[in-house]
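**Student:** So the chains spell out like this:
There are 2 protein chains.
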Amino acid sequence: MRQVSIVGIGQVQVGEHWDLTLRQIGYQAIKSAIEDAGVESVDAVYVGNMLSESLNRQAHLGALIADFSGLRGVEAIRVEAADASGAAAFRAGVMAVASGLCDTVVVLGIEKMTDALPAETQAALALGEDREYEANHGVTQASLAALLMQRYMFEFGATLEQFAAFPVTAHKNGAWNPFAMFRRAIKPETYLRAGPLAEPVNLFDSAPICDGAAAVVLTSRENAAKLALNHPAVHVIGSAVATDAVAIHDREDPLFLEAAYLSSQRAYLQAGVTPDDIDLFELHDSFSVLAAMSLEACGFANKGEGVKLASEGGIELGGRIPISTMGGLKARGNPVGATGVYQIVEVALQLRGEAGENQIQDARIGMAQNLGGSGGTAITHILARE
Amino acid sequence: MRQVSIVGIGQVQVGEHWDLTLRQIGYQAIKSAIEDAGVESVDAVYVGNMLSESLNRQAHLGALIADFSGLRGVEAIRVEAADASGAAAFRAGVMAVASGLCDTVVVLGIEKMTDALPAETQAALALGEDREYEANHGVTQASLAALLMQRYMFEFGATLEQFAAFPVTAHKNGAWNPFAMFRRAIKPETYLRAGPLAEPVNLFDSAPICDGAAAVVLTSRENAAKLALNHPAVHVIGSAVATDAVAIHDREDPLFLEAAYLSSQRAYLQAGVTPDDIDLFELHDSFSVLAAMSLEACGFANKGEGVKLASEGGIELGGRIPISTMGGLKARGNPVGATGVYQIVEVALQLRGEAGENQIQDARIGMAQNLGGSGGTAITHILARE
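Going down the list, the sequences are from chains S and H.
Position in the first sequence (from 1) plus 750 gives the number in the working numbering.
Position in the second sequence (from 1) plus 750 gives the number in the working numbering.
FYI, nobody ran anything at the bench for these hints, they're computed from the structure.
Computed from a predicted model, the values in this text were never measured in an experiment.
What you were told as hints is all true, and nothing was included just to trick you.
Since the list gives no way to pick one copy over another, a pair counts as held whenever it fits inside one copy or between any two copies.
In silico DMTMM-like cross-links for lysine to aspartate or glutamate, where the CA-CA straight-line distance does not exceed 25 Å:
1) K781 to D1000
2) K1058 to D1026
3) K976 to E1104
4) K976 to D853
5) K781 to E1002
Start from the sequences and build out the full structure, keeping to the hints where you can.
**Tutor:** What follows is the structure, given as structure tokens:
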């Protein structure tokens, strides 16, 4: 198997892009990534997207965006794993280069959610749930998170004051990220006073509806060494996908993210590292309770102690395991099918030493984990600098 | 790069499965393929599907179907390239095994189209077109095919009597296939009298709306040699994806399938073969005119002479290049996102020598090509027996 490296990254600021179409934001991200890499051509484009069939009434994004980006003729395919579509596309890119079937590829994560009415968007997000046993009964992603959070607080005695650490940290970090949707720090009191979405989940427990696109260029480590790069290459040392029951009530333990556990364990094994070796962790904090559970499933906290780790400063930039270092899903934003690629771009920025005010000192190994359907799918990548 | 082999195949009869849900037909195909292979476990499931977000209101098919098939925990991802989604999933499976990231995987193609109203289904099929320049103006897949067929007849002097060879051959072959939707031969007169869908495209020029699922098990050629298989392994010797403009009016030459040309050329090169070496060709005959254009783009006929080849018997089982040997998209049926995997299953049956009444004598090398969005994407696979 050939080793795979990231040689270019590009991202569009997350927000409400009323003036741009789906293919236009895709093109902007691809263009940035290819320019960043300085490569002449690519063999393939893998597109991560969840909602465009529903919200933009457009499938076939691979060919459509490849052509609009000046890459007509190349291999192009869309990959979908609900909210984890971005990381799933990255996984496809890794497989393409690792196999030798492609030499240099672009992975694009893209989502344009603001073209539809909010109720349509909520209904589309519920496509990631189990239609027959969950979505048909009217449960939204936020209400599923509310059930999990309520149970978590009951089982482990966690408090809202503790949960505050997740949005407060994310918004603090997002303030310095020029590509973030929300660039203002918030106080714990702001969080505690925020209006409820589905109790106990409030506005700041949940990531926003938004548009965005991010891209990376991948090539073999051998090729990367030959290129005259303007930025250091970042190597993919672990890549793993795992699944669980999609319906939360059907999981062995609804408070344990089994797929996150499995995929992180597989990725640690490939990379030959343990959680202690990870310098930063871009996790899937679409809801605060998922952030806590991700920390636990991936070995950074014991079960029920993820909020404790967070409330004691462990997730801050100088903490034991910094998370959401560029704002996470809450402050950078969560353009669903694009999120997994934003996470990879952010880890790459940290490992290149280009994260500005948010730089983790001497970051050497970073991890990104993208969840689909509240944990029905979990995709983990571990990246390392030279 | 590791070589990849097909060690198991499974399919559900194409038809209207009112009594089965989406996940149930997926499970049936996966179960058949795994039993056929006789393997104990698989590492991953790649699901090809186009329409389930629209018609079944269900995304996240990877995790959902893996779990329902008793494979909870494995890697599972959905792949989409409009009508070429099945072959795109097969491509993902090939990359997974070729890279060494997975050892044994299942590829599933699945589509359940009959749960929705016909108008909804037509609108969903238009997701594979260019939304802004085609679909928004009301053009359906059938009317795009009508524009192409009309132009083809005008440019090359082709007649309906010549086009009859495509549906007549497909239905003749489908009659012997127990998994086909339509199992009755038709006469040329039946075709010529059929009602129009969008002139000159008539009922028999077009593939039906239907449900279906087909699956294959892939492993490395090295592993395949060690397994105690009940059926000979079939090897993947060429695998290539290419794209074109999605909007037909934007293509260099609307009557030439550039993506089909590019992907077949790449696959020939990989396999070290020429069109003369291909013993059978499962092509994308969703519309008769696409079958003619595919024969031309892949080097079996000169431009404008695909219908001539067909009308002179060249596409029959004993002809120069047999196509649609198990009924093709018209008679076996076209459950869109599943079709690419049915094609692979049928080529594998031929190469195993298990195609019954439809067996091509001494078939050694077969090709399958799946088109998305009337040729915006083309995916070609070349398979060979030991």
